[in-house]
Amino acid sequence: MKLVIPGDLLSDDIKRAGEGTYVASGEVYASVYGILDKKELRVIPLSGKYMPHTGDNVIGKVIDISFSNWIIDINSPYEALLHISEHPDRIYPFDMSQYLDIGDLFIAKVKDVDATMRVELTVEAFNPLRSGRIIQISHTRIPRVIGRGGSMINLLKKELDCNIFVGQNGRIWVNGKEDDTDLAIQTLLKIEQDSHTLGLTDLVRDMIKTAKRERKGK
Amino acid sequence: MSDKPNKLIENGKRLDGRNLDELRPIKMEVGVLKRADGSCYMELGGNKAIAAVYGPREVHPRHLQEATQVIIRYRYDMASFSVKERKRPGPDRRSIEISKVSREALAPVILKEYFPRSVIDIFVEILQADAGTRTVGINASSVALADAGIPMRGIVSSCAVGKVDGEIVLDLTGQEDNYGDADMPIAMTQDGKITLLQMDGNLTKEEFARAIELAKKGCKQIYEVQRSALISKYEGVSNV
Amino acid sequence: MSEDIIAEIKRDYIYNLAKKGKRVDGRAFDEYRSIEVETRLINNAEGSAKVKIGNTQVVVGVKIQPGKPFPDTPGQGAIITNAEFAPIASPSFEPGPPDENATELARVVDRGVRESGAIDLAKLCITEGENIWMVFIDVYVLDHDGNLVDASALGAIAALLTTKLPNVRYGLGTEDVPLPISDLPVAITAADIDGEILLDPSLDEELIASTLITIITGKDGSLAGIQKSGMGPLTFDQIFHITDLAYKRAKDIREKYLEIVDDQIGEEGKKD
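These protein sequences, in sequence, are chains A, B and C.
Going by the working numbering, the first residue of the first sequence is number 69, and it counts up by one from there.
Going by the working numbering, the first residue of the second sequence is number 76, and it counts up by one from there.
Going by the working numbering, the first residue of the third sequence is number 976, and it counts up by one from there.
Careful: at least some of the hints might be erroneous.
List time: in silico DSS-like cross-link candidates among lysine-lysine, alpha-carbon distance up to 25 Å [said to hold, decoys possible]:
id: 1; chain 1: A; residue 1: Lys280; chain 2: C; residue 2: Lys985
id: 2; chain 1: A; residue 1: Lys245; chain 2: C; residue 2: Lys997
id: 3; chain 1: C; residue 1: Lys1194; chain 2: B; residue 2: Lys308
id: 4; chain 1: A; residue 1: Lys258; chain 2: B; residue 2: Lys159
id: 5; chain 1: A; residue 1: Lys258; chain 2: C; residue 2: Lys1139
id: 6; chain 1: C; residue 1: Lys1223; chain 2: C; residue 2: Lys1203
id: 7; chain 1: C; residue 1: Lys997; chain 2: A; residue 2: Lys280
id: 8; chain 1: B; residue 1: Lys102; chain 2: B; residue 2: Lys280
id: 9; chain 1: A; residue 1: Lys70; chain 2: B; residue 2: Lys295
id: 10; chain 1: C; residue 1: Lys1027; chain 2: A; residue 2: Lys258
id: 11; chain 1: B; residue 1: Lys308; chain 2: A; residue 2: Lys70
id: 12; chain 1: B; residue 1: Lys159; chain 2: C; residue 2: Lys1203
id: 13; chain 1: B; residue 1: Lys159; chain 2: C; residue 2: Lys1194
id: 14; chain 1: A; residue 1: Lys225; chain 2: C; residue 2: Lys1223
id: 15; chain 1: B; residue 1: Lys109; chain 2: C; residue 2: Lys985
id: 16; chain 1: C; residue 1: Lys997; chain 2: C; residue 2: Lys1043
id: 17; chain 1: A; residue 1: Lys245; chain 2: C; residue 2: Lys995
id: 18; chain 1: B; residue 1: Lys109; chain 2: C; residue 2: Lys1027
id: 19; chain 1: C; residue 1: Lys997; chain 2: B; residue 2: Lys109
id: 20; chain 1: C; residue 1: Lys1139; chain 2: A; residue 2: Lys280
id: 21; chain 1: C; residue 1: Lys1203; chain 2: A; residue 2: Lys280
id: 22; chain 1: C; residue 1: Lys994; chain 2: A; residue 2: Lys245
Restraint ranges, calculated between C-beta atoms of paired labels, are given here [what the hints assert, rightly or not]:
id: 23; chain 1: A; residue 1: Lys70; chain 2: C; residue 2: Tyr1145; range: 39 to 47 Å
id: 24; chain 1: C; residue 1: Gly1146; chain 2: B; residue 2: Asp256; range: 54 to 62 Å
id: 25; chain 1: A; residue 1: Ser165; chain 2: C; residue 2: Asn1030; range: 32 to 40 Å
id: 26; chain 1: B; residue 1: Lys79; chain 2: C; residue 2: Ile1235; range: 40 to 48 Å
id: 27; chain 1: A; residue 1: Asn243; chain 2: C; residue 2: Ile1235; range: 44 to 52 Å
id: 28; chain 1: B; residue 1: Arg168; chain 2: C; residue 2: Gly1148; range: 16 to 24 Å
id: 29; chain 1: B; residue 1: Tyr189; chain 2: A; residue 2: Gly267; range: 55 to 63 Å
id: 30; chain 1: C; residue 1: Glu1230; chain 2: A; residue 2: Glu87; range: 19 to 27 Å
It should be emphasised that the hints constitute simulated quantities derived from the structure, not laboratory data.
Everything numeric in this text was worked out from a predicted model, so none of it was measured.
Here a beta-carbon is modelled for each residue, glycine too, at the ideal position from N, C-alpha and C.
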């Protein structure tokens, strides 16, 4: 792994310039501070705000309701809109709060992002997350929560017997028995904190085992 | 700092023992604040400053938004105890001017079109002042921007050059600034484009050219410090 | 706005833990985060200290200058305390003059120093009715992760302990002497979260607490200042409980972080 900073010369193969890079006078340079992925010729940032992309799964929070849109915070510099017509039934603007009210958290998908960063969402179901708990971590740590090929998230689900939904925007929903949920959240915060540690999966496995043993001992 | 010494340069050495083309000792640390999106602490000689970056974030009031790019705000502030005579807290004409030119020194490298309708706030707090505070602010801010994950064409580096006892020198002390003949803060991109240039005093054209050359050299050294500060934040990290 | 959203998202988690006697960072209810005190870091100030409590960071600088006394105290020095919520410290701090929170912070810090009698103001008279020492205590918040009051109050007294009167600079003597300090006030802040009392609240805890209360005690354990800050009511039992806790914690902090600084002054004094 190699750390790069903005302005570092990466390559002269401009056709391969990926995310986190820019091209100037026939060469590819890093535009962000992060880890160089040589294969893809892109830079994976270590920090920064969540920028929505079409197709991302996120957890949104209703912050306002306008005449035909729910206005949603998605943990980004940009608010997102969920249009009334996303609802499968014909509903009336003054009834909108019955389906999703201000303060409600729910799972959504980014439907479209335009050039001026106007963000539209869509949902599978108009279900506010009423059970379970939600935490928020840095979105740059989400790949670690998921792990290679889903290794980390599968470990968590299996060992902790919880439903876990991971939003690309750094919000994670955990639903399970009280004790399991506590442990799951503790573990997720640990992953965020130690996301750069080698052998993180093993560390997490041990942590869960120890916690479970302690719990039985009580 | 009260009385003018007879000589500021003796046998090619300055009063603090430095060579003419030598920077004062530098210390730089990245990510020193938890709440900020990016931050950097810098010492240059007796200067101590912290830069913090917040954003991109929503613009308030909204009418300041720009539809196609992010706006940049820069606030340079000196703590009341940063100078010998207590300074009244808050902005004054000097800090307003420095904020403006510093913003203009950094804005050209930021890839502004990535974040339409939003703002990046850069805040600099000078905790201890010892001549050259604006260059320290710019250097620390540039690193804090990178730390915040802001996409940029490169890093901006800054230093002051000037004329003291008839010689062109790098990185003036307060005394050299007060009793010297010229002071010229400069900031430049790593590919050598000048983004900040101010001068007060007297320089011949030939001296000016030499001063620019010296500033290039100074900025190059500053750049190396900025770079290693960023790299060392994740040093020892094997599995990012 | 997004700060409120984070707090709301974390609220359930913090409540749930508090009900079980736990905190997010694993501390006991009466336990402080790690504290660091660094003194004499600002050469241009007559006294200075940087205090970290967990991620919270403040720098306090003390400037001493001669000035005119207040008409009602012609023979006494003056204390002027100011707090700046520097916008570097939090996404919710905006540039501008101190708002009500910064003003409250400055006044609580001032109260602790003043009412405990930490500074012997009579000794700061240069010429009665004409010239006195003015003690400017300036608090700069650098990183706001909760409990600014305790960090600022600790920073203020630590900075004062390192302060010297600049006699030489103002032609009032041949040497600079330590500022006369006669007490070491320590502020202890508690948060009420659903009836549970937690000391040294983190920012997340502060944001969901119904109220905060700060108790400032002096060396002999007497109260030098109290400030309840927040909408939620407290019961008498809670207040007495907090006062007891505050006295004990203040004693620990004073011994561990202030009496050390005090000794340093002593040693330096000897050297001089």
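For which of the previously enumerated hints does the structure constitute a violation, in increasing order of number? 3, 4, 5, 8, 12, 13, 14, 16, 20, 21, 23, 24, 28, 29, 30
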